[in-house]
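S.K.: Going line by line, the protein sequences match chains D and C. Heads up: the first sequence begins at 4 in the numbering used here, then just goes up one per residue. Heads up: the second sequence begins at 4 in the numbering used here, then just goes up one per residue.
By construction, these hints were calculated from the structure, which means they are not laboratory data. In this text, all values refer to a predicted model and were calculated from it rather than measured experimentally. Where hints are given, some of them may not hold.
Treat identical chains as interchangeable: a pair holds within one or across any two.
Taking lysine-lysine pairs in the DSSO-like style, the calculated list, with each CA pair at most 30 Å apart, reads [unchecked claim]:
1) K143 / K228
2) K116 / K150
3) K46 / K143
4) K205 / K239
5) K228 / K265
6) K242 / K116
7) K150 / K280
8) K65 / K228
9) K205 / K228
2 protein chains.
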Amino acid sequence: MIIENVAIIGVGLIGGSFALALKENYLAKNIIGVDTNDKNIEKALELGLINESLSLEDAVKKSSLIFLAIPVDATVTIIKKLMGLITPEHIVADAGSTKLAMCKVLEDHPLRKRFVATHPMWGTEHSGPEAAVSGAFKGKACVICDKENSDPDAVETMEFIYKKIGMHLVYMNAQAHDLHAAYVSHISHITSFALANTVLEKEREDDAIFELASGGFESTVRLAKSNAAMWVPIFKQNKENVLDVLNEHIMQLKKFKSCLEKDNFEYLQELIEDANKIQRIIK
Amino acid sequence: MIIENVAIIGVGLIGGSFALALKENYLAKNIIGVDTNDKNIEKALELGLINESLSLEDAVKKSSLIFLAIPVDATVTIIKKLMGLITPEHIVADAGSTKLAMCKVLEDHPLRKRFVATHPMWGTEHSGPEAAVSGAFKGKACVICDKENSDPDAVETMEFIYKKIGMHLVYMNAQAHDLHAAYVSHISHITSFALANTVLEKEREDDAIFELASGGFESTVRLAKSNAAMWVPIFKQNKENVLDVLNEHIMQLKKFKSCLEKDNFEYLQELIEDANKIQRIIK
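Here chain D stands alone, though its shape is the one from the complex (with noise of 0.2 Å):
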């Protein structure tokens, strides 16, 4: 199967990285970008990620295949007049971190069947045209949502192109997966971010983290870099789970903090014992 029309709305990250697997998997033989972004297209077009750039009117003229992969509250805003504009012979999918939102927002669409819900379970903590990657999604995984509510063929070439391009395909409703990207990858952000502004507030004497900081330190703060517009949208949608899992987390640090001010240094000793077990999971 090699589709002549592809067009990827948003060509950052993910849209660049996702133009280049279609590309080298013979997945797709033009790519059309769209983006708010003069920048990001002129870039697109200078690295080869996208062979033209048309506004999305045009673009879903010309295309068969639709893919969103924007800041997930740009994602909601768009969905409704892209709909408004496709025919039944359309596929739209969307990489989004988060799904229920937009699964609520094409409830009752007529036209809801032609949409699929996906979630390929890659990033790094760039953005922008210049962070697409080649070989991006390989041995990740992809989320595919409330499968039932796509028509076959739509979930079918979804499938056939995310396995091509070397993922595997997990299978689970909008609201689960919410639920375990908080557990994943949300609160991974948010730690991140909070232990970066921890450091970047205790301690003022930049040379002595740049000289010192390890391997361990740059591995947890790395997301850290992430950015902001991909990433409060993200967590605005899933607000519940995510607020959730850090009321947990912050328990968690909470018995560290005890065990110190205690000098409980048994408890302490299994604490870091439990946490071990995450071997089990990660290998």
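Here the structure of chain D is known, so what remains is to put chain C in place on it, guided by the hints.
M.R.: Quick look at chain C alone, frame taken from chain D:
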């Protein structure tokens, strides 16, 4: 300079990697392992990390440089016995992640000047001789503390070795070291342990974590695999500094919590943009 005999107390991750670095850089002819754990000695011999194994007494007699790479509570316990065995020709150095407790214990020792307090800032979440790797310390910082309390020849020898194995040297007093280490290393471990416990507590469906955990989660939780026997004594010795940073970190997390609870997404954006400033420091 090539040292005939070096004794390494503790042939685990750090001791084993240091042994490899000495050999690879032609800094030592014969490496003597000392370890209370027979299995570690066996493994270290089998892996070729050490050439022979001796008792502490015999190892001191035979060697001119003694390098301590055991948990920081064990170091503080063993150091007085060790200092009673050495002559004014020996050099003793340690690799511990805390420095103040060690320096205080030796404060009034007649041979204090033969001891060099060092912290080569490298490590992984793994432990034991099997975890030792070649080229481990390259490009990392090594802190030398309270240099003026050691004999110049002893300091020069350690400087020569650390530079030769690829480290750059940073000088500060033991108190400043422990403070900075709390910011750039110890707090990262606490957040990672607590994050692992958060997720293990909340996410009962192990399969979901396993399937979905992306690079971001893995990097923030990687340190949670670290060894309790190594980390409890570090947190114990550096309690005041760690508590100070931990309190600040909990406060920073509460800011995120409050933004979400109050739907204050403008301030959330600000917090994330503040965190992004870590890019200045961590490339």
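S.K.: Are the hints correct? Go through all of them and say.
M.R.: To see whether the hints hold, each was checked on the structure:
{"no.": "1", "hint": "K143 / K228", "result": "both (21 Å within a copy, 22 Å between copies)"}
{"no.": "2", "hint": "K116 / K150", "result": "within (9 Å within a copy, 71 Å between copies)"}
{"no.": "3", "hint": "K46 / K143", "result": "within (27 Å within a copy, 35 Å between copies)"}
{"no.": "4", "hint": "K205 / K239", "result": "both (28 Å within a copy, 21 Å between copies)"}
{"no.": "5", "hint": "K228 / K265", "result": "between (35 Å within a copy, 24 Å between copies)"}
{"no.": "6", "hint": "K242 / K116", "result": "within (27 Å within a copy, 58 Å between copies)"}
{"no.": "7", "hint": "K150 / K280", "result": "neither (33 Å within a copy, 40 Å between copies)"}
{"no.": "8", "hint": "K65 / K228", "result": "neither (37 Å within a copy, 51 Å between copies)"}
{"no.": "9", "hint": "K205 / K228", "result": "both (18 Å within a copy, 26 Å between copies)"}
Hint compliance for this structure: hints 7, 8 are broken, all remaining hints hold.
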